[in-house]
Structures are given as C-alpha cells and as structure tokens.
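**Student:** Each chain is listed here by its residues.
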Amino acid sequence: MRRWSVQKHYYLMLLPGMVWLVMFSIVPMFGIVMAFENYNPGQGIFHSEWVGWDNFKYMFQLNDSKTVLINTVIIAVGKIVFHLVVPLVFAILLNELTNLRFKRLVQTVVYLPHFLSWVIMATIVIGIFGYYGVANTVVQMFGGQPKLFMADAGLFRQLVIGTDVWKEFGYNAIIYLAALTGVNLNLYEAAAIDGANRWQLIRHITLPSLATTVVLLGVLSLGNVLNAGFDQVYNLYNPLVYSTGDILDTWVYRLGLQNLQFSLATAAGLFKSVISFVLIVISYRLAYRYADYTVF
Amino acid sequence: MVVDPTDKTLPQGDSVSNNQYTRYLKEKYNINVIVDWTAATGNDYKQKVSLSIASGKLPDGMVVDDRSFMTKAASSGLLYDITDLFQQYASSQVKQIMDSTEGRAMENASYKGRMVSLPNITVDTDGVHVMWIRKDWLDKLNLPVPKTLSDIEKTAQAFIDNHMGGDKTIGIAGPSKNTFPYATFLVSSNNLGGFDPVFGAMDAYPGYWLDNGDGTVTYGTLTENTKKTLALLADWYKKGLIDPEVGTRDNVGDPINANQAGIFFGPWWSGGYGNGDSFKNDPTANWQAYPVYSDDGKWNVHMKTTGSTYTLISKKAKPDVAKAIIIMNNALVRDEATFDVSVAVGWYPLRNVMAAANETEYEYNELLKVLKGETNPEDYNQPNSLYKLMYADAKKVKNVIKPPYDDLNVGNFDMTNFGDFQRMYSLMIGDRPYATIPIDKKVYSVTYNQTPTMETKWANLKKMEDETVLKIILGQAPIDSFDKFVKDWKAQGGDEITAEVAELLKK
Amino acid sequence: MTLVRTKTLGSRTFDIANVILLGLLLVSCLYPLWYTFCVSISNKSAANAGLVTIYPIGFSLTSYKEIINDKLFFNSFWISIQRTVLGTAISMLITVMMAYPLAKSKREFTLRNTFMWILVFCMLFNGGLIPWYLTVQQYHLINSIWALVLGGGVPIFNVILVMNFFRNLPKDLHEAGIVDGAGPWSILFRIYVPCSIPVLAAVALFVSVYHWNEFFNGLVLMNTSDKYPLQTYIQQLVVNIPVGTNLTPEQYKKLSELSNRTLNAAKVFIAMVPMLVVYPFLQKYFVTGIMLGAVKE
Chain A
1 MRRWSVQKHY YLMLLPGMVW LVMFSIVPMF GIVMAFENYN PGQGIFHSEW VGWDNFKYMF
61 QLNDSKTVLI NTVIIAVGKI VFHLVVPLVF AILLNELTNL RFKRLVQTVV YLPHFLSWVI
121 MATIVIGIFG YYGVANTVVQ MFGGQPKLFM ADAGLFRQLV IGTDVWKEFG YNAIIYLAAL
181 TGVNLNLYEA AAIDGANRWQ LIRHITLPSL ATTVVLLGVL SLGNVLNAGF DQVYNLYNPL
241 VYSTGDILDT WVYRLGLQNL QFSLATAAGL FKSVISFVLI VISYRLAYRY ADYTVF
Chain B
1001 MVVDPTDKTL PQGDSVSNNQ YTRYLKEKYN INVIVDWTAA TGNDYKQKVS LSIASGKLPD
1061 GMVVDDRSFM TKAASSGLLY DITDLFQQYA SSQVKQIMDS TEGRAMENAS YKGRMVSLPN
1121 ITVDTDGVHV MWIRKDWLDK LNLPVPKTLS DIEKTAQAFI DNHMGGDKTI GIAGPSKNTF
1181 PYATFLVSSN NLGGFDPVFG AMDAYPGYWL DNGDGTVTYG TLTENTKKTL ALLADWYKKG
1241 LIDPEVGTRD NVGDPINANQ AGIFFGPWWS GGYGNGDSFK NDPTANWQAY PVYSDDGKWN
1301 VHMKTTGSTY TLISKKAKPD VAKAIIIMNN ALVRDEATFD VSVAVGWYPL RNVMAAANET
1361 EYEYNELLKV LKGETNPEDY NQPNSLYKLM YADAKKVKNV IKPPYDDLNV GNFDMTNFGD
1421 FQRMYSLMIG DRPYATIPID KKVYSVTYNQ TPTMETKWAN LKKMEDETVL KIILGQAPID
1481 SFDKFVKDWK AQGGDEITAE VAELLKK
Chain C
2001 MTLVRTKTLG SRTFDIANVI LLGLLLVSCL YPLWYTFCVS ISNKSAANAG LVTIYPIGFS
2061 LTSYKEIIND KLFFNSFWIS IQRTVLGTAI SMLITVMMAY PLAKSKREFT LRNTFMWILV
2121 FCMLFNGGLI PWYLTVQQYH LINSIWALVL GGGVPIFNVI LVMNFFRNLP KDLHEAGIVD
2181 GAGPWSILFR IYVPCSIPVL AAVALFVSVY HWNEFFNGLV LMNTSDKYPL QTYIQQLVVN
2241 IPVGTNLTPE QYKKLSELSN RTLNAAKVFI AMVPMLVVYP FLQKYFVTGI MLGAVKE
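Chains as they are written, first to last, in this note's numbering: chain A, 1 to 296; chain B, 1001 to 1507; chain C, 2001 to 2297.
Hints may contain errors.
Unchecked claim - With a Cα cut of at most 25 Å, we get these calculated DSS-like pairs of lysine-lysine: (1) Lys8/A - Lys2171/C; (2) Lys2106/C - Lys8/A; (3) Lys2284/C - Lys103/A; (4) Lys2044/C - Lys1168/B; (5) Lys8/A - Lys2104/C; (6) Lys2071/C - Lys1048/B; (7) Lys1112/B - Lys1506/B; (8) Lys1402/B - Lys1140/B; (9) Lys1315/B - Lys1095/B; (10) Lys66/A - Lys1484/B; (11) Lys147/A - Lys1168/B; (12) Lys1462/B - Lys57/A; (13) Lys2071/C - Lys2044/C; (14) Lys1239/B - Lys1140/B; (15) Lys1112/B - Lys1316/B; (16) Lys1487/B - Lys1228/B.
Calculated directly from the structure, the hints in this document are not laboratory data.
All chains should be built: construct the whole structure from the sequences, respecting the hints.
**Tutor:** Right under this line is the structure:
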C-alpha cells in the first residue's frame, strides 16, 4: 500500500499538465475529421460533407505529388542526420577548448543565427550565391565560370540542408553542452593516467555520456521526417528549382492559397503525423528489442 | 479592418473606433461603427481573414483583398445576398461608376449570378504596362527612344557596352523569385518587373483566356505568338541583355533602385511610387515611360479586371446593418474628396475604393492645364466630383513641377516633399502613355475568375507553366519543350478547363 | 572540458586545428549578424538597392526610430515580458512535475508507459490551425494574455528531454532522499531539480526564447494591435509610405510587397538584443562539474 501512497503523488504531479494537454491538444484533435470531409465553414467541422479518403486520393493523384514527397523526404532526412551529427561534433570540439574566454565567445556567437528569420537569411544566402556574390568570386578565383547557384535544381536540396544546419547547429548544441556538464572530470584524469590519448578520451568518456541524449533526439526528430522546413524553402525557392525544391508544405500552401482548401491542409497534416508516428514506434521497438533500451 | 501601423495621423484621443470618419458616419447617418479586430495590410491581414472565414464567423462587414476569399465565403453560404438591397440603396453615383465598367464590376462581385459583395473598382491604367527607360542614358549615348522590340534589343546592348549602370549594368530587369513574367487572368494588374509589353508587341497574351470568335477559347500561353516571344526572350537572355539573375533574384526592385538597370516594364506607378529609392540614390535618374510597339506599329495591351477587393457582408448581419454598409460605401464615394486628408483616409471603416476607371488620365490632362495656367486649382473644388483626389493634387502640382511643362523630365521635379514628388511623377510621367496615346488593341480575358475544375487542377497547371516559361527564358530548356508543355497542359486538366471557360462565352 | 593536457604532437595539432575550425565557424556565424546590423543602420535607399554588403552605407537610425517611436512598441514590449515570464514559469513548473513521474520505471509507476505514449501521440497529432483556434475561442481566451501563455500547449518535447535527464541521474540520489524520509515532492524539488540545473537552464532558455520570439499566435489570438506581443507588433511594420500619399489599398499592398530592407533588418536586430544580453548570464550553468559532490560513492 506504500506504493499507492507514493504513486498517488505521481498522479497529482501529472494532473495540471494533463489538464493543459486535454484542453489545448486533445480537444482540438477532433478537428482531424476535417481531413475526411469537404470542409464548409458555413456548416462547421461536424456537419460538413463526409468524403472519406477523397482528399488523400486527390493529393496523391496529382502529377507531381510523388516528386514533392521525394523532395520532402530527402531534404527532411538530410536535415535530421546533419542536425544530429554536426551539433554533436561541435559540442565535443568546443568541449576540448582550453581557453575559457574563446570558448564562451564561440558558444555565444554561434547560437545567434538561430534567431535570424528566413526572410532575412534568404536575402543573405541569395546574395552570397548570386551571380556576383562571394561564392562566384571564389569560383572565379579558381578559374571557373560564374554559376547561377539559385537557379540550379541539382544544388538546391544541398543548399537548403547546408544553410539550415549552419543556422541551427549552435542552438542545437546547447542541449549537448548541458549533457556534457554531467561528466565526472575525474574520469578523464584517471583515463589519462592509464595512458589514453585525446581521441580515446573522447571516444570512451565524452561520447558515451552523450549517447542517451543523441538517441533520444534522434528518435524524436523522426517526428520531423516530413517537415522539410516551409519558411526556409518558401523564401529561397523559385520555379526553376521546383523539381527538387518543392516540398509538401509549399505545395499544399500553393494549393491551399488559391482556394482556401482547409480540408486538404488537414489531410496533408494527418498524413505527416501518421508517418512520423509509425517511424517513431518502429525505432522505439527496435531499440527495445536489440539494445534493450527504452528510448523514452 | 486593415490598419497601417505606422500611420500617425490620428489626433490624440482618437482611435480606430473613434475618429473623424466614425463621427462623420454617426452624425450624418446615425451609423455606429464597432470594430471587431484590426490587422496590418498584407499577409497578417490575409491570415486573419482566412481564419475568420475558416471558422465560419464573419464580422458584419469585412473587406477582403482576394477574390478567392469572396468565393470561398460565398460557396460556404456565409454571405448576405445584396442583389436587391444594392439596387434599392446604392447611390446613383455608385451605380454610374459600376455601369461604366459595362457589367464587369457586377460580374466580379457576384457568385452564381447573385451579388454578394461590394466590389472595388480601380483605375484601368493599373493594368497597362509600359516600358520604363533611363532617358538620361539615351541622351548621353545620343540614342532615340526605342519603339519596337528590335529597337529595345539594340538599346539594351548599347547600355551594357557602355557600362551606363556601372560594371554590372543590366540591360533589362525582369521578374524576381516572387514576381511574374506576365500578368495573368487571376492577377491581372500591377505586374512591376514583368515582360508584359514584350508579349503585347508580339501580339501574344499569355495568362489570358482569349475569345477565338467562333465560340471557342484559347489559353493565351499556348499560342504560337507566345512561343515566339519566349524564344525571343531566351535569345535576349543568352546575349546577356536581361538580368542574369532573373527569376531567382531576391527582390524585383534591386537592380532598378541601384540604378544598374536601364529598362524595366511596369504600370504607371512603377516610376515614382515604385522606384523611389532609385531617385534617392541618383536624383538625376530620368526614368521615362513609353509604349512598346509591334513591328507594324501597333500598341497592344491586355486589360485588367475591374478590381480585386471586396466588401463582404455576413449573412447573419441584420438587414439594417447590410443597408448601412451600402450607405457607408455611397458616402465614401461621394464625400472622400471633402475629408480632411491630414487624417489618413485609410481609417474610414470598410473603405473599399470605387474609382472612376479613367481617374488617372483625367488627372493627367487636368493637371497639365493647371500647370499651364489654363485652369485654377479652385476650379476643381467640387464636393460631388467623381475624381476625389483632383483638388488636393491641383493645389500641390505647381509646387512640385517646375516649367517648362512640355517635356517633363526628372529635372522639372522638386523632391522636397518626397511623397508628393512620387505621386506627381507617377501621374505625369507614368500615365502619360495611356493618357495621350490610344491603344490599338485592347484584349480582355474571357474570364478573370476561377471555374469549378480550376479549383482542383489549376495550381498544378500553373506550376508547370511557371517552370516551363522560366526554364525556356534562362536557357535551361530548349524552345521545343514548349510543345511538350502544351500537350501536358491539355492532358492534365487544361482541356476540361478550356471547355468550361468556353461555356462562359455563351452567357 | 578535458583538463588533461597531453603534450604529444598529435594533441597539439588537434588543439590548433580545433581553434582554427571553431574560429572560422565563429566568423561565418558573425557575418550574417554583422550584415543585418549594417543594413539596419544604413541609408534606406542604398540598402533597398542591395548595395550593402560588408559595411553600412550612409548612417541612419530611421528604421529603429520607426519601430520604437510609438507607445505601442513599449506596450507590446511589456506584454511580451509578461508573456515570457508567466509562460516560462508555468511551463517549467509543469515540465518538471510531469517529467519526474515519467522518469520512474514501470515498476514504480504503473501507468508510466501509457502516459508517455499519450504525450508522444499528442506531440505528433493535432487537428490543425482551425480547430485549435476555435477551441481557444470557445474558452473565451481570445484577446487575453492567457491565450498567449497557454495557447502553445504542453511543451512535450521539453518534458521528454527533462525526463530523460532525470532518468540518468544516479539512483543513489533517490535512495538518499528516501533514507532521509523525504516524500516524492521533496525529492523532486529538493534533490532532482538542483541536480539538473544545466538541462533545466537549457530548457528554460528554449521556452523563454519561444515565448519571446513567437508572433503567429500573437497575431491570430489578439484582435487589436494594443494587445500584440512584441514580435507580432514588429513583424507587421512593413513599409513606410510618406505622409500625404494617397494610395488605394491595392497600391498600398503592392508597395508593401516591395521590401524595405533596413526596416526588416532593424526588426530582426531588436528581436535579438534580449537574447544577446541574457545568454551570457546563463552560460555559467553550462559549466562542468556542477554534479560533483552530490553523492558520496
């Protein structure tokens, strides 16, 4: 019975949060039915005409839906991978710095690009990769011909992934830095005395202490597998790069903007949620079965 | 209601719900205005309107800036049918303005045959795109004003060869990543930085629905003439005459404002309002406007729809309220000229401008008369005048424009009051072509609105169109890809839609 | 930070290369900020022409004045402060309170997995903008500060993050608490929280940044500009039309689409300043060694 008297408190602790969750997440969730309706604002969410899978069929029958989906996945997965790896490497490298002041300076500055909106970043990126921009100056220094980077569909995805990773790595590294503070410094000294070199110290002490955080972030980021980044792509793209740059969100935006197709937007959102959920469940199960590890 | 957050013209103590306009309405018509919400012009406002419609709860009256909002609200049964109410309560002045559009405004404001909104009517000239060119560069090089496309080609080449705009001189500026090569039937006006006159000079009307005269219609982009124009533009691009960054550029105004470009295309206000920074960066930039002529000397122009903002009245509004809104509109049209303009007229509730379609041309001609001393500014002090801005402009014009008045150049203008300068420049130089030169061929689109099938298929077709056009111009695709585009376009819904548009001809 | 300094050549080369690499990153991150700053203080016309690249052209504080010179700016500033403080406090409290039970094993807390999956589900699935908006409307929260504070919903990602951290704390901490006769609440607030300062500081940073920068909810949930939080207020300032110009709404809209770079840059900068100021103070929480001494082996 001691267990109940303790568990009672656990429920109490969860209570306010759950109330908040019900009010603002669960209640609105009923709106998902809009994905299966032909939503008519005049009739409301619960009285609009039921059309079943029509919205989804429509989405996938359009000629470019396959391309759009592929673009979305490639860009989103690229971002997931690099958003995990780059901040991690950065956090480790930063951790190795000995000069405290330089370390603080770097730490403060690199997280700032996160605060620049893509409206402004796009201007900068387009400026750098423009016909007379810095990138082309460098290219010409090496004897090449100036290139229209922004018009090149073959480079667009890499550009999107690269600039986003650059913009966010500082901010994303914060959580790794926080995790690193929990490492017992004595471990390093003990290992060094045993003859370990820098690389071995990193490999056997620093990395394992970050392991759970990396895995957790990795699994959770699967929730973004279809979020290629509307703001960024919208501000960077143009019709010449539609073939590789048009993502689910920009595509739905254009479809929706013309006709205020709310049902379609909800259907696309539902589709994204289902895929993300399935992936997360799968990776959770895999981690449990093969590594005996509960991700969350 | 739309507000401008930087507007500081409201006197102390006044607010959006209590100002000279709301007081005017209360005193004269006993109309009490209660403001539900406000938002800044642009995307913010669009967002709130969208949400308002999506939630099915419209305020009694709301002005929307896109026809799709109106049709969505109408098709959802959210709008008040004002067909009869309008006939009863609209003033004769308003009806006169509506009639001057030969039924197009009424059609614009209606859904399935019933009038469900108050339309705005904007000046015709917003849809007349002309060529803007640096006359000072022409003068320095001793070149004549180009008239045809081959003239333009030579002029642009000369600008570039002589580095008139510096090392990175751009002959012809074009669309950015957000703007379009040509105005289309859905967005038929104000296309700054497009190539509209170039297409017109080749008798091509891409983006418009053309009446073939035999009961069928053609989508203008699919015609042979459009193909030829695209080939021409591609050729110009290859020769380096067009901005290398066309289609990818961040902002359409950059090369113009940096005084790098010598030629661009746009409506009357592109010079003045549209490129103010160009003048600030170089006060001697003598931008002048001219038509572009076809090889046989014709000026062909595609014309715009009557307007694209609408006053929506909620179905749930009481009849008295609906009547009041119609009256508010009457009052605005009649009295706008009499308001004290030190308080921006944007504060007038539910302001949806109905202008005489030829207002700009009227002002052009009358202001010239004022300048030459043939008339007096006081002559225009008429409260019931259709041309509401004339009096204020007449009073200012002599301060801004100095003689000689026959051949206005940038040097004639005084830029001290920059806002006034911009307006006068746009009026007197930007509108000069449309006001003084008759258009040889005016092309109207069979429809400026979406048909049912368009709601599901148009976005895809438009994407194909945008991609193909830009790729051809930039040389990423050969001109022959145009034929494949036509085939695909027809197969993916184009034919269906064309048939629907043809149906409209029968009405 | 490894306090070990082995003097091998490999170690030294690594250090130097590291400094160079991080230095380059520093510069690359600095440039856009510098650029934005330069544009914001440049002459408007030059900036709009795209002429500003490495240094400002002309000097003009007009854009800053446009933004600040309005009592609405300070009004919104105050609203944002209220929102951020209230929002962060409530969010952190609830986050910590939810993370603790969820950090317990299934043995100790039977329904742990159920609650966990409910949270994950809610993190991924939502009804979309319209149902959410209608819900907030039903609660009569439109136009009130609580819409801003609570509207974002439970920060599930943060809860999971903190939960993970709690889970990795040594079990001895919990045992020590029990031995001292502490109940779950005491253990949470007197032991777990003080031992988790780094991650809590990080999460608090994330939450306050979110509240401070968030503009969309501010736009749709508030009806008039005197209720807007700072970012919403700032982001709607789009273009400055000279006084006395009489434009139709359509022309105004068209003109506002031609960008005003100095204004946009100034907006971004004003938004960043609080972060620039706050972060160095938080840095001390990310220092190693806070954990030492908590438990005797």
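**Student:** Each hint should be assessed against the structure and marked as holding or not.
**Tutor:** Hints, verified against the model:
1. This hinted pair checks out: Lys8/A and Lys2171/C have alpha carbons roughly 21 Å apart, not beyond 25 Å.
2. Only pairs whose Cα atoms come within 25 Å are accepted, and Lys2106/C paired with Lys8/A is accepted, the gap being roughly 15 Å.
3. Only pairs whose Cα atoms come within 25 Å are accepted, and Lys2284/C paired with Lys103/A is accepted, the gap being roughly 12 Å.
4. Distance restraint check for Lys2044/C and Lys1168/B: the Cα-Cα separation of roughly 21 Å lies within the 25 Å cut-off, and the hinted pair is therefore satisfied.
5. With a C-alpha separation of about 13 Å, the suggested pairing of Lys8/A with Lys2104/C holds against the 25 Å cut-off.
6. Distance restraint check for Lys2071/C and Lys1048/B: the Cα-Cα separation of roughly 24 Å lies within the 25 Å cut-off, and the hinted pair is therefore satisfied.
7. Only pairs whose Cα atoms come within 25 Å are accepted, and Lys1112/B paired with Lys1506/B is accepted, the gap being roughly 15 Å.
8. About 23 Å separates the Cα atoms of Lys1402/B and Lys1140/B, which keeps this hinted pair within 25 Å; it holds.
9. In summary, the hint linking Lys1315/B to Lys1095/B is supported, as the alpha carbons are separated by about 23 Å, within the 25 Å threshold.
10. For a cut-off of 25 Å, the pair hint linking Lys66/A to Lys1484/B stands: about 20 Å separates their Cα positions.
11. For the hint linking Lys147/A to Lys1168/B, the alpha-carbon distance of about 15 Å falls within 25 Å, and the restraint holds.
12. Distance check on the hinted pair: Lys1462/B and Lys57/A sit about 21 Å apart at the alpha-carbon level, within 25 Å; holds.
13. Note on Lys2071/C and Lys2044/C: the hinted pairing holds, with a Cα-Cα distance of about 23 Å set against a maximum of 25 Å.
14. A C-alpha spacing of about 23 Å is found between Lys1239/B and Lys1140/B, which places the hinted pair at or below 25 Å, so the restraint holds.
15. For the hint linking Lys1112/B to Lys1316/B, the alpha-carbon distance of about 20 Å falls within 25 Å, and the restraint holds.
16. Restraint check for Lys1487/B and Lys1228/B: the C-alpha separation of about 17 Å stays at or below 25 Å, so the hint holds.
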